[in-house]
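Using the hints, position chain Z against chain V.
Number of protein chains: 2
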Amino acid sequence: MFEHIHNTLEKIKQGDRRALSKAFTLIESTSVSDHNTILELFAQLKPNNQSKRIAISGVPGAGKSTFINHVVHQLAQKHKVAVLSIDPASERSGGSILGDKTRMQDIANLENVFIRPSSTRGFYGGIAVHTYSSILLCEQAGYEYIFIETVGVGQTEISVQHLCDFFVYLALPKAGDALQGIKKGIMEAIDTVVIHKTDLYDEKVILSTKNMFKESFSFIQSKHKGWTKPIIEHSSVQIDNSTQIISVIKAFFEHLQVSPSHDKIKNRALNVKHLIEHFTKQIWLDKLLANKHYQDQIQRLENSDAKAFYHPVIQAYKIIEALT
Amino acid sequence: MFEHIHNTLEKIKQGDRRALSKAFTLIESTSVSDHNTILELFAQLKPNNQSKRIAISGVPGAGKSTFINHVVHQLAQKHKVAVLSIDPASERSGGSILGDKTRMQDIANLENVFIRPSSTRGFYGGIAVHTYSSILLCEQAGYEYIFIETVGVGQTEISVQHLCDFFVYLALPKAGDALQGIKKGIMEAIDTVVIHKTDLYDEKVILSTKNMFKESFSFIQSKHKGWTKPIIEHSSVQIDNSTQIISVIKAFFEHLQVSPSHDKIKNRALNVKHLIEHFTKQIWLDKLLANKHYQDQIQRLENSDAKAFYHPVIQAYKIIEALT
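The listed protein sequences correspond, in order, to chains V and Z. Okay, so the first sequence: first residue is 957 according to our numbering, each after it adds one. Okay, so the second sequence: first residue is 957 according to our numbering, each after it adds one.
One thing to keep in mind: the hints can contain errors.
In this list, chains with the same sequence are indistinguishable; a pair is considered to hold if it fits within one copy or across any two.
[To be verified] Once the Cα atoms are required to be at most 27 Å apart in a straight line, the calculated DSS-like pairs of lysine-lysine come out as:
| no. | residue 1 | residue 2 |
| --- | --- | --- |
| 1 | Lys1140 | Lys1181 |
| 2 | Lys1229 | Lys1248 |
| 3 | Lys1229 | Lys1243 |
| 4 | Lys1008 | Lys969 |
| 5 | Lys1229 | Lys1140 |
| 6 | Lys1160 | Lys978 |
| 7 | Lys1130 | Lys1166 |
| 8 | Lys1237 | Lys1274 |
| 9 | Lys1229 | Lys1274 |
| 10 | Lys1274 | Lys1248 |
| 11 | Lys1179 | Lys1274 |
| 12 | Lys1248 | Lys1220 |
| 13 | Lys1243 | Lys1274 |
| 14 | Lys1274 | Lys1002 |
| 15 | Lys1248 | Lys1237 |
| 16 | Lys1140 | Lys1222 |
| 17 | Lys1274 | Lys1220 |
| 18 | Lys1002 | Lys967 |
Think of the hints as simulated: they come from the structure by calculation, not from any bench.
Chain V extracted, bound-state conformation (with noise of 0.2 Å):
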């Protein structure tokens, strides 16, 4: 049994990691005596407005995770740091090839540090629902900036830009058409480029790639009135050399609170309204998936050759039009 859900929270407050840790366990499962713990947890979770939510994109092989070790080492010496990482599982097994937990080993036994993956299990599965329940965890366990690292491609990247405050996006340097691939809705949703692993790279590669950076944001508007966005180097090498992108970081949040159009708090309205929407979509689907005439059809399907040969629009129509 879960202990009572009011207890768990305080202690959180105080500071219990053990008590953290058993409440992502609680929201990470899938057990059904469990579901209305959940329900329960979530009915008491706030947000906390004092938190600084920091997306880290980039594409696969940029080094988020030791961008992310090297950042929050030095930011660690005098704040509480989460860190939390999206690894969507992949549709038939489950998992990305390589695990990235042994690139944050100078973060991962401190004090003010905590480490979770987020895992895409539970009743309220959907990365970004569990991700969002993940941040409240954190910020009850007071911890003032809060990682969330993801794989960089695809929806999650899209739907992390509903979770944080500011964007960070990791691009290597390279020469040519380094663009590609970055989506415009990307493009849009970065607060601040970083031109990763510039140690390894000839400085006239970082200087295009920055230009090109520079010229893309000149014709793309800012999501923050006001706000610049800062295209800087970093080299993950040397411990404790991040006191540049710190100041960004800070500076945006600063930002934040001197600009009257577009608070924090108001962002981050503006994100839940569309978790909700994401999350009533989910429920509703779920109710056609635990329909059992539903299910009946989908089973009929196995053994038809028919499926081959009608269009699966026609053929779905049909499906829902036995149903309702």
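Below, chain Z without anything else, positioned relative to chain V:
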């Protein structure tokens, strides 16, 4: 007014490219008045089991368009080839930053080649379903080889494996952790790997990339019994040097014909089942989005600050409860 569907299909079968283009424009239409005509077309579109559906995937920058340009140039000397490129619109403003039409200039005007970017618009949205309809249209027109180019990230990459018979993955030579970011599900779906742009890389790096794929494949069972996934080198600098990849493609389809347990039709039937499930969910979801009560409640969120303070799961459940 769109002329009678039956006539259009007849013209398409006789090789009338204008009729084919018109049918594509029809299925991309978002006009309500075209709704029934599209359904009528879908009802008459039957797959052609002689065709070869080939997906080309890989990270942005891997050179997919250039590769297709080269392979199709050689293939089209003897065969009719269609190229469909899937470019999922970004969430916010649609479209990637760079187009790729210029990279297929050698094949754009060939008699035997039909190129069409796969729109994500249309009533029957969802890239997978739309692309499937596009494939069927090309099959009506007698295209023997149908290439489906994807941006190779996230959901699109996962769904494209349900549209093709043969899945080609383009990789760049890369030392170290080059496999990072390729999901296990994709590794399983891959039928052959092409190490691309080999002219630009050192022999050692190419060999190490090949070995890495080879090792990974040794842990993964092929979907197609008896098919060992070839890992081949390719450079798209010289035109008409595609003999090796074309041999692999042909060998694969011959393999499917002699393999008793995994024939093409069985696999296609499975894929269509997947599309039916996918589209049934979409129709179901559209019912929610069209619901007036739902729309009202989402509208009400706009002006409420409470949404920022209560967990989205709790708020979503309230919305669904109020509907039913």
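Results of checking the hints against the structure:
1. Lys1140 x Lys1181: within (18 Å within a copy, 41 Å between copies)
2. Lys1229 x Lys1248: Between copies only: 18 Å across chains, 31 Å inside a chain, cut-off 27 Å.
3. Lys1229 x Lys1243: For lysine 1229 and lysine 1243, the Cα distance is within 27 Å both inside one copy (21 Å) and across copies (20 Å).
4. Lys1008 x Lys969: within (17 Å within a copy, 60 Å between copies)
5. Lys1229 x Lys1140: within (22 Å within a copy, 33 Å between copies)
6. Lys1160 x Lys978: neither (50 Å within a copy, 48 Å between copies)
7. Lys1130 x Lys1166: Close inside one copy (10 Å) and across copies (23 Å); limit 27 Å.
8. Lys1237 x Lys1274: Intra 22 Å, inter 13 Å, cutoff 27 Å: intra and inter.
9. Lys1229 x Lys1274: between (33 Å within a copy, 14 Å between copies)
10. Lys1274 x Lys1248: Both. Shortest intra-copy (16 Å) and inter-copy (24 Å) distances satisfy the 27 Å Cα cut-off.
11. Lys1179 x Lys1274: neither (44 Å within a copy, 31 Å between copies)
12. Lys1248 x Lys1220: neither (45 Å within a copy, 31 Å between copies)
13. Lys1243 x Lys1274: Close inside one copy (18 Å) and across copies (15 Å); limit 27 Å.
14. Lys1274 x Lys1002: Result: close only across copies, 17 Å inter versus 44 Å intra.
15. Lys1248 x Lys1237: Both: 19 Å inside a copy, 15 Å across copies.
16. Lys1140 x Lys1222: within (23 Å within a copy, 39 Å between copies)
17. Lys1274 x Lys1220: between (47 Å within a copy, 26 Å between copies)
18. Lys1002 x Lys967: Within one copy, since 15 Å is at most 27 Å while 63 Å is not.
When each numbered hint is compared with the structure, violations occur for hints 6, 11, 12.
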